[in-house]
Amino acid sequence: MALDGNMKEKGGLSIGNLIPWIAVAALLAVAPYIVNAALVSFLFFFLMWVALSQSFNLFTGLTGYVNFGFVVFYGLGGYGMTLSLLRLNLPIYLALLVGGLIAAAFAMVVSLPVLRLRGAYFAIAMLSLAQAVFVIFDNWNFVNSATGYTIPVQYYNPQLQYYAMLVIAAATCLAVYLVMHSKLGLALRAIKQNEEAAVSLGVNSTLYKSITLAISGFFAGLAGGAAIWAITIIDPPSAFDTTVTLTVISMTMLGGFGTLLGPIIGSAILYSVEYYLGLTYPYLHLIIFGAIIIGTVLAMPHGIMGVLREYFLKGRVARATEEEIKVKE
Amino acid sequence: MVSTLLVSQLVILGLMYGLLYGVLALGLNIVWGVMRVVNIAHGDFVMVGSYTSYWAFVLAGINPIISLLLTIPLGFALGTATYLSLVKRVQGSEELMSLFLTFGLSTLIGGLLLFLYSPTQRAIPIYLGNLAYLGLSIPVNILIASVYAIIVALGLRIFFTRTFWGKAIRAVIDDKISAMLVGINPSMVSLLTFGIGIAIACSVGSIIMLLESVSPVSGPDLTLISFVIVVLGGLGNPAGALVGGVLLGVVESVSSIAVNAAVTPAIGFIILFIVLIVRPQGIMGSR
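These protein sequence lines are chains A and B, in that order. Numbering-wise (the working numbering), the first sequence opens with residue 1 and increments by one. Numbering-wise (the working numbering), the second sequence opens with residue 1001 and increments by one.
Think of the hints as simulated: they come from the structure by calculation, not from any bench. Just to be clear, a hint being listed does not mean it is correct.
Said to hold, decoys possible - Calculated pairs, DSBU-like style, for lysine-lysine (alpha carbon to alpha carbon, straight line, at most 30 Å):
#1 B:1088 / B:1167
#2 B:1176 / A:192
#3 A:314 / A:192
#4 A:192 / B:1088
#5 A:326 / A:314
#6 B:1088 / B:1176
Could you build the full structure based on these sequences and the hints that come with them?
Put into structure tokens, the structure is as follows:
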């Protein structure tokens, strides 16, 4: 497929490719010293959505398996962080790490049975799994059941939280990049295009898929932990809210599945929409998200990145043809 | 010790709820079977039916049973419109696309209902009393729901076995290519199937108003329950949907003796999970 071929082409980790990324990261790093608190909070949640949609993209974008239960990683990360902070008195960074690891471990364990399923069956199994985890947490005294927890005020530190989320978002983007350009990414691309053929050529598809799901879970868990640290409240309905899954799907879909930039672009656009509409018209953003998903499926299934790439490819083909004509003349 | 009376009461209630579950899943089942499209928005169409009945009751005092006359044609119209404008365009492309499309549709409908009517729980206060027989007590509301389920199932059975288009739908479920070879127009069949599927979904929405309160966010849960039933009963098997529904209904109802009622919803998901892993073609399905 032309779209995948092009992605590999610009793979080199050259200085020229890195400059825009470094510039953006530097800009985000100094942001807390320049802009006001409200904007820092906006950027914090933007980074959270980048991390979440990027880790969703890592699995669904690269394998083509739709993870409708994605929010479970976010919630488990949040609970893992909260419990190890409050019960084990771990330092916050360690607590965040525990959250990510719990989500990754959960992904690894469920992937054994679930990844035997394909297509819609996989999607539904993940959705039902997330719902089951929600119901269990809602009734489980060990995690304070429906009441949940409040993170004590002494842990609250907007600046530290912002930098933690920045690091997590950057690490997630880096992970997606590394996976895409590794042997794992190659195997995933083969699985996405034709799983039977890949398996018959000796690709251990279950192993690769479960590793990828675990990586996706790890980063989503980290982001979930950092988010709960800032939100300071965690209870089952908010930690396992399907809206999170829905939002990352919309963001990744709009930007473009299986691309590095897509989820970032999607997060920037849709989080801004949600932020500005949510204040005046609650729930209106849901209607817009739904319309965007439908519109993207029908009009540009490869998202904004797909449209851009097609445009630039066309330009390049046109230029190449022009040159060819000149040479002939 | 749990008394026999309590168990039989729970089994009967579960059976009746289960019949309604079965009909809830019927629409999803035939759409999936015929079109290979998993309609994630199924439960949201049920909610459209519920809200229509709710407002018909609040604004005009119309009983939800009467408002079936409203929700069935509304559902059929919505279904055919959705098929022609959206679903038709992704039919035949990757499964991923139809999953995302109907997911987007679900978000859109859920968002619209939330935006228009807020997340408040809505209920119609109609209580029709209890029937007592041999020490068992059966709420008339549930009885009506299960009778409605039986009527729909029988009606569909007659449609599927006696009419041309019904047979055409079954033919497409069995073997699409062969059905096309003998001159069945598959897009007409898809249009009809989607229309009927959504009409059943909307009508179940009216009946649900007899039993419980709803809110715009109930939709996805209903979709999930329908999936459980479709997977239990087997894909493209309308009779299987009823069996799956009854099975789930009875298990949920009887398990309420042993576990906290709040955990009951998880039972369905756990059953679904186990069935998907052990026997993905469903209990009655054969593939």
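Consistency of the hints with the structure:
| no. | hint | result |
| --- | --- | --- |
| 1 | B:1088 / B:1167 | holds, 21 Å |
| 2 | B:1176 / A:192 | holds, 26 Å |
| 3 | A:314 / A:192 | holds, 25 Å |
| 4 | A:192 / B:1088 | holds, 24 Å |
| 5 | A:326 / A:314 | holds, 18 Å |
| 6 | B:1088 / B:1176 | holds, 16 Å |
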